[in-house]
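Keeping their order, the protein sequence lines are chains A and B.
Counting from 1, one number per residue, gives the positions in the first sequence under this note's numbering.
Counting from 1, one number per residue, gives the positions in the second sequence under this note's numbering.
Worth flagging that the hints you see were computed from the coordinates, not collected in a lab.
Any given hint could turn out to be false.
With beta-carbon atoms standing in for the labels, derived distance ranges [as the list claims (entries may be wrong)]:
id: 1; chain 1: B; residue 1: 388; chain 2: A; residue 2: 68; range: 30 to 36 Å
id: 2; chain 1: B; residue 1: 119; chain 2: A; residue 2: 229; range: 27 to 33 Å
id: 3; chain 1: A; residue 1: 229; chain 2: B; residue 2: 327; range: 56 to 62 Å
From the structure, some residues in chain A lie toward chain B, with a derived Cβ separation under 8 Å [what the hints assert, rightly or not]:
id: 4; residue: 142
id: 5; residue: 145
id: 6; residue: 148
id: 7; residue: 154
id: 8; residue: 170
id: 9; residue: 180
id: 10; residue: 183
id: 11; residue: 209
id: 12; residue: 210
id: 13; residue: 213
id: 14; residue: 234
id: 15; residue: 237
id: 16; residue: 302
The C-beta atom is built at its ideal place from N, Cα and C for all residues, glycine as well.
Chain by chain, the residues run as shown.
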Amino acid sequence: MTLNRPSGDTSHLYDGKTVRSSAPSRKKLAGQVGSGGAIPQDAIPTVEIPSFIESLLGGPLVPKMKFLPPDKMVQNLQIGVYGVLVALAFLTYIISPPQGTIWYILTGSLGLANILQLTIIAGATVLGFMGTFRRDARLSLGSNLLFILAILRFASSKTSLSNDLFNLQGSPTMLSVLVVVYAVLLIMYFELSNGVIRYSMLDTSIRTNEVYVMNPKKIVSKYHRSLIINPVLATLLAWFVLSANTILPAIVGVFSGDTAERMRESVELTSVYGVALGTLFVFITVGILFGLNLPTHLQRFRERQAE
Amino acid sequence: MWSRKSAMLGSLAVAMYLLGLTLRNTQLVTIAVVIFVFLTWAALLGNHADVASSGRRAEEWSGEEGVALGNVVAMRKLSSARMFEDGELNVTLRMQNTSSLPKILEVRDRVPEVMRIKEGANYILMELGPRRETFIEYTVECPLRGFYSLGPVTVRIQDAFGLFHKEKELHVYNDFLVFPKMEDLKETFVKSRVPKIFTGAVNIRQPGPGSEFYSLREYFEGDSFRAINWSAYARSGKLMVNERERDAVSDVIIIVDSRAVAETGPVSRNALVYSTRAAASLAKYFLGRRDSVGVIVYGDEVVSVDRDTGKKQLYVILTKLAGAVARGNIPLQVVVNRILPHINKGSPIIFLSNLEDDPTIVNALRDFRARNFDVTVLTPSSLEFEFDAKRIDRTGYEVMKTERDVLIGELRGLGVNIMDWEPDMLLSTALAGARGF
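Looking at chain B on its own, in the form it has when it is part of the complex:
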């Protein structure tokens, strides 16, 4: 291919040549001829030939790269196919020159735009000897969740002056998955009101066998001596026993708002990023306590992960969260109508949304509350993201903040545990705030 530089020189030469002929100026023609010769020689050395012009049939044509790049092979190895946000990925690119001539190559391994090269380089200028191979190693940092692909490897060969070049894309792709990063939660303050058949680790606000303190009561015959609260006995003079909260497996439903409006704000700081991280952290916490966790992600469609337990479920949830894309504008009411028949009455529901651009939110959450669901809403504030990014002015911010506060107040009035999640607040703090701690 011609570079802009060679095209410019070529045009200059043509112009000078024609002008020289028109003006009968030998000097101009001479200069034009020298430029032509220079270009021709560079093209010849660079082995640049338009293969199509040779008259060969299309099926015989081996591509733009021709012979020079025909013997270059690339392979790639990743240190891992799955990682969490802010994780590092070590890439080893193996370049082989199977021909018997040395080559000077520019190699660029295409890395997704959001990734950052932390160590090494994905752009290499190399002299690769005949029948030699080399390993190029670099490390990329993956700051944002998602499905990503490395590749293709672009190889370029050009003449010394950069006049002509040939490129070949080696279609070597490696897919990998970046999960949203998780915060370690000690306590979520989310409790179910409905017992299930199997005992588990989640308190359901009923006395029974468990580990968490529930209340004190008088001693009855048959109570274990180990349950006697001696301090209370000393205070009251009556034998008192500790009652514990009953542990049971509980269903926890996490709803993530991934509508287009959820991505309002900077790429790395917006409601969707915060919501997916929160959902991942909560899922890990509840699954760690042997709860049954289901996730619903809605945007342009309602994607749900059925309730289940265990590590496999965590992997399934993380995969869904990694693939959540901000698209569409399905109202929450539609989601609620769809899932209501399928979830156990009284199950804790955690809703993660910036609460914007959806007039059905109040009614939808009212429907949940009317059926005695324990609803917790964490609402990452897009307003703060945008105000921090200086995209909205002070007046606009104040007006919208007031409106948002009014909405939050209204939802709180419905009995929803809600917290305006500010950008620098830890998830555990936000959860505690939502539950009034």
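In isolation and in its complexed conformation, chain A is listed as follows:
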């Protein structure tokens, strides 16, 4: 190795030798010597930064994907995920017949589209099981994406079933209920599979003394309550939004019976545009409430009540 550096002022003392009087700079040298590119471990302070997938799933408390064996809470959540996963897979198969899927459009074959659709649903289920069992966020995320892919259909506005086991096709109300239940199950699956990861992280970090938890029972019970209350309320509110085609004519009927009747018979109102109209009304209301800073006022009210 040659170091092309100017000689120091004492080099004349060493006749015939190419040495310098001062030691080389490590900084400059670092770029010249071959295998020294790696930064030593203890040169960098450990800063825990969650990966993209970790933060996508809610942001971990401690970004370590190697968990200790699951505690009872995590095991219960895993059992919950398995249950929801089975129900979700079944419902996905029911409400997403191969007609209208992208596979059908691409292949033109109903049989092939059916096989592909079933493969995707099966893949989503298997990935979901594996992700939950191994507590691997990447597999769970893959499962979520496959479920979303399975439900994407370029079909008509009417809900159709691939297998009408319970004879629901004739009842639009029951079909709507089925879709709402499906949607709630989908979200609950997202939440529960994410909950498995989050609580594994929390449990691991508690047991490794990285996080200290005070009153864990209260914290866990709040989560359990939310697991029940949130889906129920989401179902009710969604049902309210989706019932715009009956609620709107009823409201209009107070002022004009004829107009209300015309609305009831309107094809548009019973189609997807009716749902869109209902959504618009509800979310305008929600927007106004948020604009009026309702959550803050609600909080203040609760604080005053508790005084």
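For chain A, the structure is supplied; the task is to place chain B on it using the hints.
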């Protein structure tokens, strides 16, 4: 604030909703609506509101945290504001909920990155009841010297599913100082050649009243009988007396190289870390012997602590050493030119540097030697640190080691007491080596 998870769900819902409308697919719209509702409900429960959108004036806005975190108070107490490296600091964090509602909070007390949590945790998930307070205790280990600050305390409140959260930084800061750790020295072998007016504890290589043996000489009338060396008398048949070395207060100047190049190597093992520890140990030793010690730290500027004695001086020196940061590239010659007029001729000078990237070192030390200063150089080898850390290969190491040896040899030729201080060598061993023991 939205989390990535809620942003992802929101985007998914918008995409499904628009796609559903475009394709006239009720299923997609229904799923999108359910996701919207779920998000809205979580936001409502989490009391997440964009306060700015309420139309209130900026001065009325109480911050991102809103009401929910408005009544959370934090206080902190440290067991000590000063400690030595590898010392432990006990932190007590007091969290108060002054509101009348219970809160589930995530609390994180920010600790400097180089610190290690030894006991307890600085990250707490807690349920804090109404008008309650709690004490959180944890212990941090401080492995590296420096000025540090604990804080702020970050408090977060979020909904059960982690979709929305609100954060508040409680600006509670506690500063503390970590001094470089010191090695107990029994002997430094550094002796002054110049007496000063006041007697003290440092030998100055002249016979006189003192405690260290200097030489034997024949007895003269008036010599104390206590000074007679009876063994020598038995050997030679003449009365011989022990002469002792004169003790006197002496000036000791310690120069610490804190140029950017001094920090070459791992964070915990580099020349600057070793130099500051050595300087602290030497200062303690000399001040303990009632010497007058001055310290010069140079990097991007020349920082000096004037010569003085006593415990207060040790504290001043330790504070300066704790704050030494590897910056700049001032040549040693500049430092020497600046300090030469101000130091007593013949005073011991201890120079702590890895001797790198400064072509003026030889000339600067020659200037010291020319004025009969007793110069000791301890040079922690950055080469060893980097080789141990596998940052340089064997060939590069050998070449640079040879060059370094040549430089050390050259300085030794100038009469400088120099020692190539290898990482695992004790300071006392290095000092003894420098003095040829």
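For each hint, the structure was consulted:
no., hint, verdict
1, B:388 with A:68: 30 to 36 Å, "holds, 34 Å"
2, B:119 with A:229: 27 to 33 Å, "violated, 39 Å"
3, A:229 with B:327: 56 to 62 Å, "holds, 57 Å"
4, 142, "violated, 14 Å"
5, 145, "violated, 10 Å"
6, 148, "holds, 7 Å"
7, 154, "holds, 6 Å"
8, 170, "violated, 16 Å"
9, 180, "holds, 6 Å"
10, 183, "holds, 4 Å"
11, 209, "holds, 6 Å"
12, 210, "holds, 6 Å"
13, 213, "holds, 5 Å"
14, 234, "holds, 5 Å"
15, 237, "holds, 4 Å"
16, 302, "holds, 6 Å"
Of the numbered hints stated above, those contradicted by the structure are hints 2, 4, 5, 8, listed in ascending order.
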